[in-house]
Each structure stands twice: as C-alpha cells, then as structure tokens.
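Take a look at the letters that make up each chain.
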Amino acid sequence: MRGGKRPSALGALSRLREIELRGLGAAGRARNVPYLLLGIGLILFPILDSNASHVDVAADAGHWILLALGLNIVVGYAGLLDLGYAAFFAIGSYAFAILASGQFNIHISFWLLLFASAFIAAFFGLVLGAPTLRLRGDYLAIVTLGFGEIVPRVFKNASIFTGGVNGIGGVDQPRLPPLFGWNGRFGFNPVPYYYLILLIIVVSIVLISNLRNSRLGRAWMAIREDEVAAAATGINTVTTKLLAFALGASFSGFAGTYYASKLFIVTPETFTFSVSVTVLVMVVLGGMGNMRGVIVGAMLVYFIEYYLLHQLPGWIASASQALNIDFLTKLDIGGYVQRSTSLIFGAILVLVMLLRPQGLIPSAQRKVELELGTTEEAVADLRGSA
Amino acid sequence: MPILEVRGLTKRFGGLVAVNNLNLSVEAGEIFAMIGPNGAGKTTVFNLVAGLYKPTSGRIVFDGTSAYPVRDFWQTYLPPLAGYYTVADAARRAIGAGPLPLGLRPHAVTKLGIARTFQNIRLFSYMTALENVMVGEHPRMHAQVWDSLLHTPYAQHEERRVRDRAMDLLRDVGLENYADQYARNLPYGSQRRLEIARALATEPKLLMLDEPAAGFNPQEKAQLMGLIQEIRGRGITIFLIEHDMKVVMEISERIVVLDYGEKIAEGPPQKVRTDPRVIEAYLGKSA
Numbered sequence: 001m002r003g004g005k006r007p008s009a010l011g012a013l014s015r016l017r018e019i020e021l022r023g024l025g026a027a028g029r030a031r032n033v034p035y036l037l038l039g040i041g042l043i044l045f046p047i048l049d050s051n052a053s054h055v056d057v058a059a060d061a062g063h064w065i066l067l068a069l070g071l072n073i074v075v076g077y078a079g080l081l082d083l084g085y086a087a088f089f090a091i092g093s094y095a096f097a098i099l100a101s102g103q104f105n106i107h108i109s110f111w112l113l114l115f116a117s118a119f120i121a122a123f124f125g126l127v128l129g130a131p132t133l134r135l136r137g138d139y140l141a142i143v144t145l146g147f148g149e150i151v152p153r154v155f156k157n158a159s160i161f162t163g164g165v166n167g168i169g170g171v172d173q174p175r176l177p178p179l180f181g182w183n184g185r186f187g188f189n190p191v192p193y194y195y196l197i198l199l200i201i202v203v204s205i206v207l208i209s210n211l212r213n214s215r216l217g218r219a220w221m222a223i224r225e226d227e228v229a230a231a232a233t234g235i236n237t238v239t240t241k242l243l244a245f246a247l248g249a250s251f252s253g254f255a256g257t258y259y260a261s262k263l264f265i266v267t268p269e270t271f272t273f274s275v276s277v278t279v280l281v282m283v284v285l286g287g288m289g290n291m292r293g294v295i296v297g298a299m300l301v302y303f304i305e306y307y308l309l310h311q312l313p314g315w316i317a318s319a320s321q322a323l324n325i326d327f328l329t330k331l332d333i334g335g336y337v338q339r340s341t342s343l344i345f346g347a348i349l350v351l352v353m354l355l356r357p358q359g360l361i362p363s364a365q366r367k368v369e370l371e372l373g374t375t376e377e378a379v380a381d382l383r384g385s386a
Numbered sequence: 001m002p003i004l005e006v007r008g009l010t011k012r013f014g015g016l017v018a019v020n021n022l023n024l025s026v027e028a029g030e031i032f033a034m035i036g037p038n039g040a041g042k043t044t045v046f047n048l049v050a051g052l053y054k055p056t057s058g059r060i061v062f063d064g065t066s067a068y069p070v071r072d073f074w075q076t077y078l079p080p081l082a083g084y085y086t087v088a089d090a091a092r093r094a095i096g097a098g099p100l101p102l103g104l105r106p107h108a109v110t111k112l113g114i115a116r117t118f119q120n121i122r123l124f125s126y127m128t129a130l131e132n133v134m135v136g137e138h139p140r141m142h143a144q145v146w147d148s149l150l151h152t153p154y155a156q157h158e159e160r161r162v163r164d165r166a167m168d169l170l171r172d173v174g175l176e177n178y179a180d181q182y183a184r185n186l187p188y189g190s191q192r193r194l195e196i197a198r199a200l201a202t203e204p205k206l207l208m209l210d211e212p213a214a215g216f217n218p219q220e221k222a223q224l225m226g227l228i229q230e231i232r233g234r235g236i237t238i239f240l241i242e243h244d245m246k247v248v249m250e251i252s253e254r255i256v257v258l259d260y261g262e263k264i265a266e267g268p269p270q271k272v273r274t275d276p277r278v279i280e281a282y283l284g285k286s287a
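Chains as they are written, first to last, in the working numbering: chain A, 1 to 386; chain B, 1 to 287.
Everything labelled a hint here was simulated from the structure, so no lab data went into it.
Computed from a predicted model, the values in this text were never measured in an experiment.
Using N, Cα and C, we set each Cβ at its ideal position, and we do this for glycine too.
Watch out, some of these pointers could steer you wrong.
What the hints assert, rightly or not - Pairwise CB distance ranges, derived in the manner of DEER restraints:
#1 A:P131 / B:W146: 46 to 56 Å
#2 B:M245 / A:R31: 47 to 57 Å
#3 A:L343 / B:W146: 15 to 25 Å
#4 A:N213 / B:T274: 39 to 49 Å
#5 B:V145 / A:L112: 15 to 25 Å
#6 A:G137 / B:S57: 25 to 35 Å
#7 B:F13 / A:V127: 32 to 42 Å
#8 A:P131 / B:Y154: 32 to 42 Å
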C-alpha cells in the first residue's frame, strides 16, 4: 500500500528465513545433529547399560515427562494455571485399570486402551474445564485445585468400581506378538517399557509441536497474552480454552495407562496434590511454553526427587564410613539428610528459580528470532541507503 | 446505506450512565469520527458495538443483520435454557422494560465483519509481529483440531497461505522488517500499526480505531492519515475515536460529538467545528 510492494529480493530473503526456521535449510540440518545423537543414545541406552534399575528409573521418568508435556499445553501455551492436573492422570490410570484387569474381568487390549483412555481423559478435561471458563488467574487455580482433590476422593469412595483404598491390582500388561526371540510379554522387565514410553514421548512431541505451530496453538498463546484482544480478534475463547484442557488432559491419559500397566496396580493415594505440584514445578522450572525446557525440567526434577534424594543419605553414610573418621560416623549426616530431603528439594527449587527466573531453557527460540530480525533489518537498511 | 446503526443505546454501570439513548448511523464506505471530552463514553460505545459489554437497552444493527440475536454463554451451550430467555423477554416486553440485554460474544462480532484496535495498545506481547497478524486470520481459517494435531496437507496449505497473506499485510503497514520481532519489542508507532494490521487480517467491513494517533508526532500522524485513506480505498468503512482535532477535521467526512454519554452534535467537520454546544463542551461555558 504505502510506497507499494517492496522489491521481491526482500521477500525471497524472508522466505529463506522461514525455511531456515522450519529446520529444512543447511543451518537447520546442522542444528539437528545433536538431536540425532541424542536419539541414537536413547535407543542404545538399555543395551549399553546392563543395570536394569537404571533403565527402570528412566522408564519411570518417562511418564513424568509426558505429564509435564501435557500440562505445558494448559499452563505454558494457554496460560491457564491448573493446580489439579493429577486428576486427569488419575482418570487415565483408572480408565485403563477398570477396563483391563480382573476387577470386572474385562481385558481390553492395552494398545486400544492407550488411545481410549486418552479420549476419556480429554472428555473429563472438557467437563472439568467448563466451570472454570469465566475464571482467571488465581481463581482458576483454586477451582482446579478443588478438582484435583475431588477426583482421587471419588475414586477412593466409589469402591464398587475402583476397589476403594486398596485400588485395583493385577492390572494387565501390554503384549506384543513374539519377535526377535522375545516372547512379547512386558512383565517386570523395564526394557520394553522404556522403549514404549520413548515411542509415546516422541509421538507426543511431534503432535504437540504440530499444535504449537497451528491455528489452535496461536489461539492459545493469544489468549495467554491478552484474552480481550484475542476475543476481539475473532477467537472463540470458550472453545479454545476447553480444547486446551481437553488436549492437555489427553496426554495424561497416555501417561496414566502406561503408569498403571507398568506398576500392575492403581491406588487413590498415588494421585495426591503433590503430584499436581511436582508436574507444575517441572513445567515452570524447565521454562513454560518451551517443550525442550519442559522435558529437561521434568527429567531434572524427577532425578532430584526420586533418585538423588533417595540415594543421597546412603551415599553420605557410606562415604563417611569409607573415610573411617569416627567423628563423622557419629554425627550421622546421612540420617540428617534423610530427614531433610524435602528441605533440600525446596532449597534446590528456590536456587534454580532465583538463578533462572524464566526457567532453565526459556528463550532459545526467542533469541533466534531476535537475531534473525536484527540482521534482516540491517540488510533492509543497507538496501534503503544504496 | 448505513453499515452500522445504533438505536437508543444505553449503558449503565451501577448509577453511572456511560451512554444515554444514543442514536447514530455509520454509512458504508465513509470515514466517521466520534469525538468528545474525556469520559464522554466514546470507548464504551466501541465496547458495546464490539460485544465486550452488553447494552442496558438499545439496538445495534450491523450490515443489515437485524439486532444481534439474544445469545450468551448459557444460551449457546445449553439450548434448553434459552426457553427461559424467551419467556423472560416476553415478560419484560409486557411491562415495557424492553428485551433483555443483547449482544453476540466478541469473537462472533468480529466474524460478522467488525474489527477494532484498542486505545491502550493490546498486542500479543510474546508473539512475533507475524504471529500477531496470523492470529487475526483465525476467524477466516478452517483447520480443525485434527488438522492442527496431525499437520494434515490441508492445514499445511492453509498455514502457508495465511502466512503469506499476513506478510502482505505487514508490508502494507510498513512492518515487514519486524516480522520476526516480538510485538513488545516494536517501537510505539509500529505497535499501533501492527494492531491495525491485525484488525485488517480479520477481513472486516467496518474498522473501529480507538485513538489511532495518540502519542504520534506530526509526521507519523500524516502517515497514519494516509494509511486510513488507503484502507477506506479498499472499501472498508472507518469508525474512529480521536482526540487530535487536526486529524479528525482533515480525514473524517462526518463527525459525531459525545458529552456525558449523549450526542450533542453530528455532521460534517465544518458544521461541528462551529457548533456552540461543541465549543461549550470542550472549553466550558463562556462567561
């Protein structure tokens, strides 16, 4: 309009940049090399590390990553503070446990239920999301907190369906046709679980990044940034927010199914408020809205909370014994550490948030965009002066 | 033919009457300005038309669509309850209270073809300029959840088309160099223009600009007036609120003057400028 259309050279440049941003250009390929190496490393990990307990820890970390990715849709993309995410995890787990166990003698295939419970969790995402639509910020958080408390309590008390406090035991395991001399049964072996959750996470990452770069993803972020402006720009805030709840919940449906089958048992005590908080911590600590950050955050928090803090007292005790200093052994530092794991965990969280208030990996993308923006501006300036 | 007609529009906030029995009509293809002292109710009128507020009473007719249908959240999502409103409506009519407050929800108003900018700029700060404009294309896009989730060929095609069009719009307002910058990092004047680009992306028939020249220097004001003329040249009707009299008198074809929520004058700039009531509203009563 004003001054007519710019010469096409600039258009070509911007198109080139778009291709680069999509990771198709030469620079994009170079950037993908670390991910390729990481992928190979993850696939080879159970083969190289013969210690089954390590693989088990990794396989357990997997469902936390999945939960964090799901909550990231609600909190990170749509900006809806959800303090009751464990409710959807519970719904996913129980949906699977009821439909694949001796509870009612129903044994539907794991592979079918993996998707079915995602749908069930998504449905409850809609149901629990609907009453919160008119609420914002703190008020929304309080209502979701309520749901997070109600859902496990319902499972605890509806004992005809859910086995009450004892939960549902003897949950089915996934089975595959025998291949490569493996009988196809998952059983207690963590290795097939590890590969299963790896596959689910990879698929989830692809799906979520599709969402992020789509019409829906932009609508979520617009609502996060300014709900009034989003509505004035033609976004139906009601359906868009409901979709955030539903799609966010669906990933905890995957996680719940996986978790129930790996653990053999589902009990209401598993889905406490602390689960919701832990997942939220993973998302915030890693960097809200950034999938890479959220994954790193989930792994780090899981590692600290379920591995480091469990092992630390033992390590310290054996270290002081190995040093063989009477004074240290008497002090029983290991015992102190054991009693103060929550304190240490809290201190680590405070420290991380003080050092990186935006999360561990907040702005990698932002930086790329800003750098590209400025170089292009410089080129345009040069063109203008020439 | 009027594209926007406002009949007997009233909005009360508790005891305060922000807009009082306002009648006005905006003709298709014109540049129509609304002026008035601070607190006269101008932005309230915009918010009423845009569906952000529900009128206390009155009708808003846009582009031949009769009054906005009576619909709010519960009526949209719980159809059985709509019956209640019909009954309540009839009862209110019977006692002469008029129908219940009207109004589509804001996104539906935008879909009808009314786009707006805000007095205090409301961009999506942590989205790039290009993404801001692409959000504006949202109501004209058709990709469903599955398309978004699975990145289907249809979604990819639409995404490319929308991206190109958003880039064109950025070029139109002279912001192509800022495409990948976060909206919050743009200079003030560029943010105002980005808001206009975002509004244009919704393909409006009526564009409502809330003080578009606020904080501009004379050169920027001249640029802005050029831009507004260009937009009108595309057949988009302009309805603007502006405090800068030079801008208003120069570009608008008709002006309505509001004071204390009431219309005190209406007409072409020359007539409004000399209207004693307008002078009084702005300068106070002469002794």
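Right, here's what the structure says about each hint:
no., hint, verdict
1, A:P131 / B:W146: 46 to 56 Å, "violated (26 Å)"
2, B:M245 / A:R31: 47 to 57 Å, "holds (54 Å)"
3, A:L343 / B:W146: 15 to 25 Å, "violated (47 Å)"
4, A:N213 / B:T274: 39 to 49 Å, "violated (56 Å)"
5, B:V145 / A:L112: 15 to 25 Å, "holds (21 Å)"
6, A:G137 / B:S57: 25 to 35 Å, "holds (32 Å)"
7, B:F13 / A:V127: 32 to 42 Å, "holds (35 Å)"
8, A:P131 / B:Y154: 32 to 42 Å, "holds (34 Å)"
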